[in-house]
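Residue numbers (numbering that gives the first Met the number 0), protein chains in the order written: chain A, 0 to 72; chain B, 0 to 72; chain C, 0 to 72; chain D, 0 to 72; chain E, 0 to 72; chain F, 0 to 72.
Since the hints were made in silico from the structure, they are not lab data.
Predicted model only: the values in this text are computed from it and were never measured.
Wrong hints could be hidden among the right ones.
Given that identical chains are not distinguished, each listed pair holds provided it fits within a single copy or across any two copies.
Said to hold, decoys possible - Below 20 Å or equal to it, Euclidean Cα-Cα: the simulated SDA-like pairs (lysine to any residue) are: (1) Lys34 / Arg18; (2) Lys34 / Ala22; (3) Lys34 / Gly23; (4) Lys34 / Glu19; (5) Lys34 / Arg72.
Number of protein chains: 6
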Amino acid sequence: MPYVHIRITREGASAEAKRELIAGVTDLLQRVLGKNPATTVVTIDEVDMDNWGIGGLPVAEFRAAQAQQETQR
Amino acid sequence: MPYVHIRITREGASAEAKRELIAGVTDLLQRVLGKNPATTVVTIDEVDMDNWGIGGLPVAEFRAAQAQQETQR
Amino acid sequence: MPYVHIRITREGASAEAKRELIAGVTDLLQRVLGKNPATTVVTIDEVDMDNWGIGGLPVAEFRAAQAQQETQR
Amino acid sequence: MPYVHIRITREGASAEAKRELIAGVTDLLQRVLGKNPATTVVTIDEVDMDNWGIGGLPVAEFRAAQAQQETQR
Amino acid sequence: MPYVHIRITREGASAEAKRELIAGVTDLLQRVLGKNPATTVVTIDEVDMDNWGIGGLPVAEFRAAQAQQETQR
Amino acid sequence: MPYVHIRITREGASAEAKRELIAGVTDLLQRVLGKNPATTVVTIDEVDMDNWGIGGLPVAEFRAAQAQQETQR
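Just chain A, same shape as in the assembly (with noise of 0.2 Å):
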């Protein structure tokens, strides 16, 4: 009876995308720990952007600045 929380940022997400999350997780519990998938719990946290942050920034700056090492490189 695992329970998983899953953050990412919102990014338009599909329904599809977050049916494959779940299942993959269930999955993924009952094969490494034996986990019965009929008691597993997963959700899902879609965060917005502007509560994200990585590097000591928001991750939208925190991409540009990446983007931008990338370039002058």
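Could you slot chains B, C, D, E and F onto chain A? The hints should help.
Frame of chain A; chains B, C, D, E and F shown alone:
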């Protein structure tokens, strides 16, 4: 000073129902563990149906599958 | 199929107390929102005192400060 | 590579304020524990007022009750 | 840069099993949503049996009750 | 009344360091958003190295792989 996080599917829980959850959980922690209600924090996270999985399926499909099983018994 | 996560300071809550929390929260969600107890999951996270802060202080110091205030009134 | 999750009531925090939270938390973890900012992740969860409880009450009622107490002193 | 938190009961999952969970979830997010593995973070929380409830019971009692039901069928 | 949850790898953070994290986060939320320190709660979750993954690997292996890359440049 407990902290309680409640995740439910987003299906129109009323403000009154949430009020009862907050009061009920706070009361429970006081009765069982003597926790001070003044510093007990409760948050409720209403999760879109597409973002909640159980049994390897999005919850709406899981319920439909269960309802069909009941019918076929 | 709600999911509830309870965080409390680690101060020796008994197995019986945790049992009451699990039963009480599950019952509350059934009464208030009609949630199915069979698929209600509750987890309890006991957090070391050093790892819990309130009022900008570790909880033990916070309580000591509050007790002193009470005395001085 | 720490992960920090900040929950606040949804009361119109600006993108700039969230930017400061992300930068501030990332900086704090570097200063105190030497954590690498590049892999520090911060997420901010803005919770509807109805979904946040303290003192056994939804937060708006809690604040109103506190304001009244102040007035009556 | 997704963040995934996996909660399971503490029942002796091996380091190798956890390694497979980490690899499997990271791979799944890349395949389904094109997420960059380099910044995908996975944490695993092993919860003591007494601290995990389902069906209104601590998980050990829940399993015992279910096993008995199976026997009586 | 914000709630902040900090997850770090368990690598011997001292009580003093945790104290600084609690004070620093509480102060940050007051400065940036005017949040009341008295009701700001901070919890710190120290996660075993085996239970933390990044880049599809347990964190110890990830660091070793990165150190080797640095050497080979």
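Going down the list of hints, with the structure as the test:
1. Lys34 / Arg18: Close inside one copy (19 Å) and across copies (16 Å); limit 20 Å.
2. Lys34 / Ala22: This pair counts as both: shortest intra-copy Cα distance 13 Å, inter-copy 17 Å.
3. Lys34 / Gly23: both (13 Å within a copy, 15 Å between copies)
4. Lys34 / Glu19: Classified as both: same-chain Cα gap 18 Å, cross-chain 14 Å, threshold 20 Å.
5. Lys34 / Arg72: Classified as neither: same-chain Cα gap 47 Å, cross-chain 23 Å, threshold 20 Å.
Violated hint: 5 only; the structure is consistent with all others.
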